[in-house]
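Peer 1: As a plain string of letters, each chain reads:
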Amino acid sequence: MKSGSFQRLVEVGRVVLINSGSDAGKIATIVEIVDHRRAIVDGPTTNVKRQVVPLNNVVLTDIVVKSLPRAIGSKRLAVFLEKNQVVEAWQKSAWAKKIDARQRRANLSDFDRFKLMRLKKQQRNIVDRQVALLKKERA
Amino acid sequence: MDAALLTWLHEYQVIGRRLPTENEPTPKLFRMRIFAPNEVVAKSRYWYFLSKLHKAKRASGEIVSVNEIFEAKPLNVKNFGIWLRYDSRSGTHNMYKEYRETTRAAAVSSCYQDMAARHRARFSSVQIIRVAEVNTADVRRPYIQQLIQPGLKFPLPHRVTRPAKRSDRTLIIAKRPSTFY
Numbered sequence: 001m002k003s004g005s006f007q008r009l010v011e012v013g014r015v016v017l018i019n020s021g022s023d024a025g026k027i028a029t030i031v032e033i034v035d036h037r038r039a040i041v042d043g044p045t046t047n048v049k050r051q052v053v054p055l056n057n058v059v060l061t062d063i064v065v066k067s068l069p070r071a072i073g074s075k076r077l078a079v080f081l082e083k084n085q086v087v088e089a090w091q092k093s094a095w096a097k098k099i100d101a102r103q104r105r106a107n108l109s110d111f112d113r114f115k116l117m118r119l120k121k122q123q124r125n126i127v128d129r130q131v132a133l134l135k136k137e138r139a
Numbered sequence: 001m002d003a004a005l006l007t008w009l010h011e012y013q014v015i016g017r018r019l020p021t022e023n024e025p026t027p028k029l030f031r032m033r034i035f036a037p038n039e040v041v042a043k044s045r046y047w048y049f050l051s052k053l054h055k056a057k058r059a060s061g062e063i064v065s066v067n068e069i070f071e072a073k074p075l076n077v078k079n080f081g082i083w084l085r086y087d088s089r090s091g092t093h094n095m096y097k098e099y100r101e102t103t104r105a106a107a108v109s110s111c112y113q114d115m116a117a118r119h120r121a122r123f124s125s126v127q128i129i130r131v132a133e134v135n136t137a138d139v140r141r142p143y144i145q146q147l148i149q150p151g152l153k154f155p156l157p158h159r160v161t162r163p164a165k166r167s168d169r170t171l172i173i174a175k176r177p178s179t180f181y
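Protein chains in written order, with the working numbering: chain A, 1 to 139; chain B, 1 to 181.
Don't take every hint at face value.
[As the list claims (entries may be wrong)] Straight-line alpha carbon distances no greater than 27 angstroms define the calculated BS3-like cross-link-like pairs of lysine-lysine that follow:
#  : chain 1 : residue 1 : chain 2 : residue 2
1  : B       : 43        : A       : 98
2  : A       : 115       : A       : 26
3  : B       : 78        : A       : 75
4  : A       : 92        : B       : 153
5  : A       : 75        : B       : 73
6  : A       : 92        : A       : 120
7  : A       : 75        : B       : 153
8  : B       : 165       : A       : 26
9  : A       : 97        : B       : 28
10 : B       : 175       : A       : 97
11 : A       : 136       : A       : 92
12 : B       : 73        : A       : 49
13 : A       : 66        : A       : 92
14 : A       : 83        : B       : 153
15 : A       : 66        : B       : 78
16 : A       : 49        : B       : 153
17 : A       : 26        : A       : 135
18 : A       : 26        : B       : 52
19 : A       : 120       : A       : 49
20 : A       : 120       : A       : 26
21 : A       : 136       : A       : 120
22 : A       : 121       : A       : 135
23 : B       : 153       : B       : 97
24 : A       : 49        : A       : 26
25 : A       : 115       : A       : 136
26 : B       : 43        : B       : 28
27 : B       : 78        : B       : 97
28 : A       : 120       : A       : 97
29 : B       : 55        : B       : 28
30 : B       : 78        : A       : 49
31 : A       : 26        : B       : 28
32 : B       : 73        : B       : 97
33 : A       : 49        : B       : 55
34 : A       : 26        : B       : 55
35 : B       : 52        : B       : 28
36 : B       : 165       : B       : 175
37 : A       : 115       : A       : 98
38 : A       : 98        : B       : 73
39 : B       : 73        : B       : 43
40 : A       : 66        : B       : 153
Calculated from the structure, these hints are not laboratory results.
Since we're looking at a predicted model, the values are computed, not measured.
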């Protein structure tokens, strides 16, 4: 039973993206809930040490590791993550790809930007030629 | 990780005794577990409590050792029951409160904050009598019982998206924020 319109729930096994702090940008799994504001989170395969994290510093994703036992240890959690291919599922998601694209754009060198400009120009050239031809046909 | 681990209070084991005299060459040692922000306050609170319990005071006694007690398993969540005694404006009362925390010191810190908020009781008016880990079956308070149900899950209904750093805050944003998660 879904809880109304809220699809993303804080639960044991929910994968979260850490927003602030030294682990910002990494994903981890909720291993235990402390109270309505904090959870214990662990990311053995993504370099996130097991820690208590305030839920304000974290974003819930759509990925849940099903039937994860409460307060599971790091090593067994790594096994669960491998089996359910959680990290791969995250990296395939549109969200992760957008973050990646944003980072790449921010880290472009001047030469990269030049190359990008050239490629865009070429793309525009091809597209605009076709558009111009079609317009001519219509007119 | 950074800020969440810094609890305000630490637990100290303070052992002291009266100074040896001719009548009493080897006085008894008295040990207390004190919650305090630092060792200085721990020693002060030690004498405060000891002089209430025994004929011993700081002037005629000595502290033998002060050691910090660290939590054995700081990454396990526990349910703590805290028995305390506090002075209100018109009398002194006993209380039993429960907290869900990872360490004893964090539970007691929470307790002091809670007492200040709910009863306007300051640090000096609160005496912690006993702090004990409570089994899931023996939890008395409904606000803790609701968190120890098996298969607990809940949404975060009103999400306020804040920038990670205060310096990233802008006055104007492109789109009106949505609070739906």
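Peer 1: The structure should be examined with respect to each hint, and the outcome stated for every one.
Peer 2: Hints, verified against the model:
no.	hint	in the structure
1	B:43 - A:98	56 angstroms, violated
2	A:115 - A:26	30 angstroms, violated
3	B:78 - A:75	21 angstroms, holds
4	A:92 - B:153	26 angstroms, holds
5	A:75 - B:73	17 angstroms, holds
6	A:92 - A:120	26 angstroms, holds
7	A:75 - B:153	24 angstroms, holds
8	B:165 - A:26	16 angstroms, holds
9	A:97 - B:28	68 angstroms, violated
10	B:175 - A:97	21 angstroms, holds
11	A:136 - A:92	42 angstroms, violated
12	B:73 - A:49	15 angstroms, holds
13	A:66 - A:92	19 angstroms, holds
14	A:83 - B:153	23 angstroms, holds
15	A:66 - B:78	24 angstroms, holds
16	A:49 - B:153	23 angstroms, holds
17	A:26 - A:135	49 angstroms, violated
18	A:26 - B:52	52 angstroms, violated
19	A:120 - A:49	42 angstroms, violated
20	A:120 - A:26	32 angstroms, violated
21	A:136 - A:120	24 angstroms, holds
22	A:121 - A:135	21 angstroms, holds
23	B:153 - B:97	24 angstroms, holds
24	A:49 - A:26	11 angstroms, holds
25	A:115 - A:136	32 angstroms, violated
26	B:43 - B:28	18 angstroms, holds
27	B:78 - B:97	14 angstroms, holds
28	A:120 - A:97	20 angstroms, holds
29	B:55 - B:28	12 angstroms, holds
30	B:78 - A:49	20 angstroms, holds
31	A:26 - B:28	55 angstroms, violated
32	B:73 - B:97	22 angstroms, holds
33	A:49 - B:55	49 angstroms, violated
34	A:26 - B:55	58 angstroms, violated
35	B:52 - B:28	16 angstroms, holds
36	B:165 - B:175	19 angstroms, holds
37	A:115 - A:98	21 angstroms, holds
38	A:98 - B:73	39 angstroms, violated
39	B:73 - B:43	26 angstroms, holds
40	A:66 - B:153	13 angstroms, holds
Consistency with the previously given hints fails for numbers 1, 2, 9, 11, 17, 18, 19, 20, 25, 31, 33, 34, 38, ordered from lowest to highest.
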